[in-house]
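Q: One line per chain: the protein sequences are U and A, in this order.
Residue numbering for the first sequence follows full-length UniProt numbering, starting at 1 and increasing by one per position.
Residue numbering for the second sequence follows full-length UniProt numbering, starting at 1 and increasing by one per position.
Among these hints, one or two may not hold up.
[What the hints assert, rightly or not] In silico SDA-like cross-links for lysine to any residue, where the CA-CA straight-line distance does not exceed 20 Å:
(1) U:41 / A:141
(2) A:190 / U:121
(3) A:128 / U:50
(4) U:128 / A:126
(5) U:128 / A:125
[As the list claims (entries may be wrong)] Derived DEER-like restraints, expressed as beta-carbon distance ranges:
(6) U:140 / A:62: 52 to 58 Å
(7) A:39 / U:83: 32 to 38 Å
(8) U:39 / A:121: 18 to 24 Å
(9) U:14 / A:117: 24 to 30 Å
(10) U:62 / A:42: 45 to 51 Å
(11) A:39 / U:78: 35 to 41 Å
(12) U:140 / A:125: 29 to 35 Å
(13) U:151 / A:83: 35 to 41 Å
(14) A:190 / U:83: 45 to 51 Å
(15) A:82 / U:186: 48 to 54 Å
(16) A:4 / U:78: 26 to 32 Å
(17) A:176 / U:133: 19 to 25 Å
(18) U:196 / A:190: 48 to 54 Å
(19) A:82 / U:47: 33 to 39 Å
Just so you know, these hints were derived from the structure itself, not from any lab.
Beta carbons: idealized from backbone N, C-alpha and C, even for Gly.
2 protein chains.
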Amino acid sequence: MSELQPITVYVHEAGPNPYKVIIAAEELSVPYKTIVVKDPKEEWFAAINPNGRVPAIVDPNTNITLWESGAIVEYLVETYDKQGKLTVSDVASKWQLKQYLHFQMSGQGPYYGQAMWFHTHEDIPVAKQRYNEQIVRVVEVLDNILKGKEYLVGDKFTYADLAFIPWNRVVEGHPILKANVWDKYEVEKKYPNYVAWQRRLVARPSVEQAYKGW
Amino acid sequence: MSELQPITVYVHEAGPNPYKVIIAAEELSVPYKTIVVKDPKEEWFAAINPNGRVPAIVDPNTNITLWESGAIVEYLVETYDKQGKLTVSDVASKWQLKQYLHFQMSGQGPYYGQAMWFHTHEDIPVAKQRYNEQIVRVVEVLDNILKGKEYLVGDKFTYADLAFIPWNRVVEGHPILKANVWDKYEVEKKYPNYVAWQRRLVARPSVEQAYKGW
Numbered sequence: 001m002s003e004l005q006p007i008t009v010y011v012h013e014a015g016p017n018p019y020k021v022i023i024a025a026e027e028l029s030v031p032y033k034t035i036v037v038k039d040p041k042e043e044w045f046a047a048i049n050p051n052g053r054v055p056a057i058v059d060p061n062t063n064i065t066l067w068e069s070g071a072i073v074e075y076l077v078e079t080y081d082k083q084g085k086l087t088v089s090d091v092a093s094k095w096q097l098k099q100y101l102h103f104q105m106s107g108q109g110p111y112y113g114q115a116m117w118f119h120t121h122e123d124i125p126v127a128k129q130r131y132n133e134q135i136v137r138v139v140e141v142l143d144n145i146l147k148g149k150e151y152l153v154g155d156k157f158t159y160a161d162l163a164f165i166p167w168n169r170v171v172e173g174h175p176i177l178k179a180n181v182w183d184k185y186e187v188e189k190k191y192p193n194y195v196a197w198q199r200r201l202v203a204r205p206s207v208e209q210a211y212k213g214w
Numbered sequence: 001m002s003e004l005q006p007i008t009v010y011v012h013e014a015g016p017n018p019y020k021v022i023i024a025a026e027e028l029s030v031p032y033k034t035i036v037v038k039d040p041k042e043e044w045f046a047a048i049n050p051n052g053r054v055p056a057i058v059d060p061n062t063n064i065t066l067w068e069s070g071a072i073v074e075y076l077v078e079t080y081d082k083q084g085k086l087t088v089s090d091v092a093s094k095w096q097l098k099q100y101l102h103f104q105m106s107g108q109g110p111y112y113g114q115a116m117w118f119h120t121h122e123d124i125p126v127a128k129q130r131y132n133e134q135i136v137r138v139v140e141v142l143d144n145i146l147k148g149k150e151y152l153v154g155d156k157f158t159y160a161d162l163a164f165i166p167w168n169r170v171v172e173g174h175p176i177l178k179a180n181v182w183d184k185y186e187v188e189k190k191y192p193n194y195v196a197w198q199r200r201l202v203a204r205p206s207v208e209q210a211y212k213g214w
């Protein structure tokens with residue numbers, strides 16, 4: 001796809017969601033460049049995303065501006081994954097991919113994000129416990145789904161798996177969630193299907209490349 | 001579509017998300033029947049949705065079982081909206097619909113849900129205020145987007161608007177959020193584009209029909 005112009009991906013110094021877009025672009029060999037947005041509430045960026053959040057993209061090949069990481073991943077797949085590398089072909093499985101993407105967007109990201117928020121603001125034990133337990137609940141649901149399976153849908157890596165990577169990494173890799181969730185709730189010992197899946201996902205070259213930084 | 005068998009929609013006594021599915025089915029004249037799930041954590045229901053949440057559907061016409069309200073709405077539209085009643089035709093606008101659906105799923109639902117949770121559990125003023133303010137932030141974002149517009153995308157009612165209806169209704173209609181957000185933050189006075197949009201959405205016959213109860 002060397003004829004493509006690079007897609008601009010607006011990212012942040014921290015925060016997991018832009019990585020979904022970078023990993024997808026790496027997987028599909030779509031050229032991109034990153035712009036680090038210091039303050040996504042600034043007026044110039046509100047013109048790109050009135051919700052004031054990253055990621056957002058501008059694709060000069062199609063003149064499309066888009067925000068919300070779930071929508072961007074779907075867009076990259078539908079526009080640039082002509083060989084179906086990150087998708088499946090049968091109709092029922094295709095809807096499973098959408099289902100898991102929405103589960104990640106509504107059921108993983110927001111709860112994990114609230115856990116981080118309450119661990120880094122005023123000390124409210126009830127709230128911390130609530131969100132720690134929500135993370136463990138999501139991990140347990142994924143562990144059950146992954147029983148006897150290597151990936152969520154269709155025995156192959158898809159964009160559904162991909163979407164879970166950034167927050168999965170935070171729970172094991174960020175000191176706060178490592179101590180308060182990963183270690184405290186013995187994730188590694190209790191949820192082996194989940195852990196094996198996570199190891200499989202982060203071992204992909206696309207993920208290694210994405211986390212080299214921007 | 002009288003040749004269609006009714007889709008089974010699993011719902012709950014309370015909770016806004018199943019209404020998205022019911023409203024979409026009403027809009028598209030897709031036959032359905034509802035089953036009220038007393039406890040979505042029960043084993044029989046875990047076989048349908050291992051995440052233990054409603055809505056979920058089983059469509060006997062396609063043999064597809066699906067959960068996550070965002071995915072179900074997309075499924076109903078792609079499968080049964082052959083005339084494009086709830087969609088738009090140009091590619092850029094089509095991606096806007098996905099973007100707003102993901103915004104609703106990840107940016108409206110979870111925060112509004114956390115507000116309700118903290119207002120109905122132990123009294124933690126910091127948490128209540130956080131989520132009240134998150135609701136107002138989302139309302140303000142929508143109000144800005146809706147400036148000079150009747151609907152989110154393409155000058156017509158689409159599934160993107162539809163997805164926001166149930167939680168919009170709760171903020172104005174549930175006594176807790178009515179007092180703590182709608183009245184306290186003067187939503188009606190300060191966010192006229194948003195309020196006019198909401199009035200337009202809830203006036204649809206499909207919405208009236210959906211809220212007659214199951």
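Q: Each hint: holds or not?
A: Evaluation of the provided hints:
Our distance criterion of 20 Å between C-alpha atoms is met by residue 41 (chain U) and residue 141 (chain A), whose separation comes to about 11 Å. As the CA atoms of residue 190 (chain A) and residue 121 (chain U) are separated by approximately 29 Å, the hinted pair breaks the 20 Å bound. For the proposed pair residue 128 (chain A) and residue 50 (chain U), the alpha carbon gap of about 25 Å is over 20 Å, so the pair is violated. Note on residue 128 (chain U) and residue 126 (chain A): the hinted pairing holds, with a Cα-Cα distance of about 13 Å set against a maximum of 20 Å.
Pair hint residue 128 (chain U) plus residue 125 (chain A) holds up; C-alpha atoms about 15 Å apart against a cutoff of 20 Å. Taking 52 to 58 Å as the suggested C-beta distance range, the pair residue 140 (chain U) and residue 62 (chain A) does not conform, at roughly 30 Å. Evaluation of the 32 to 38 Å hint for residue 39 (chain A) and residue 83 (chain U) yields a failure: the beta carbon distance comes to about 44 Å. Range check, residue 39 (chain U) to residue 121 (chain A): about 33 Å between beta-carbon atoms, so the 18 to 24 Å window is missed.
About 26 Å separates the C-beta atoms of residue 14 (chain U) and residue 117 (chain A), a value consistent with the hinted range of 24 to 30 Å. Distance hint check: the CB atoms of residue 62 (chain U) and residue 42 (chain A) are about 46 Å apart, consistent with the given range 45 to 51 Å. A hinted range of 35 to 41 Å holds for the C-beta pair residue 39 (chain A) and residue 78 (chain U), which are about 38 Å apart. The hinted range of 29 to 35 Å is satisfied by residue 140 (chain U) and residue 125 (chain A), whose Cβ atoms lie roughly 31 Å apart.
Checked against the given bound of 35 to 41 Å, the beta carbons of residue 151 (chain U) and residue 83 (chain A), roughly 36 Å apart, stay inside it. Distance hint check: the CB atoms of residue 190 (chain A) and residue 83 (chain U) are about 50 Å apart, consistent with the given range 45 to 51 Å. One distance hint, 48 to 54 Å for the beta-carbon pair residue 82 (chain A) and residue 186 (chain U), holds here, with the actual separation near 51 Å. Checked against the hint of 26 to 32 Å, the pair residue 4 (chain A) and residue 78 (chain U) passes, with Cβ atoms roughly 27 Å apart.
For the pair residue 176 (chain A) and residue 133 (chain U), the supplied restraint of 19 to 25 Å holds, since their beta-carbon distance comes to about 23 Å. Restraint check, residue 196 (chain U) to residue 190 (chain A): a C-beta distance of roughly 51 Å satisfies the suggested window 48 to 54 Å. Checked against the hint of 33 to 39 Å, the pair residue 82 (chain A) and residue 47 (chain U) passes, with Cβ atoms roughly 36 Å apart.
In this structure, the earlier hints numbered 2, 3, 6, 7, 8 are contradicted, and the remaining ones agree with it.
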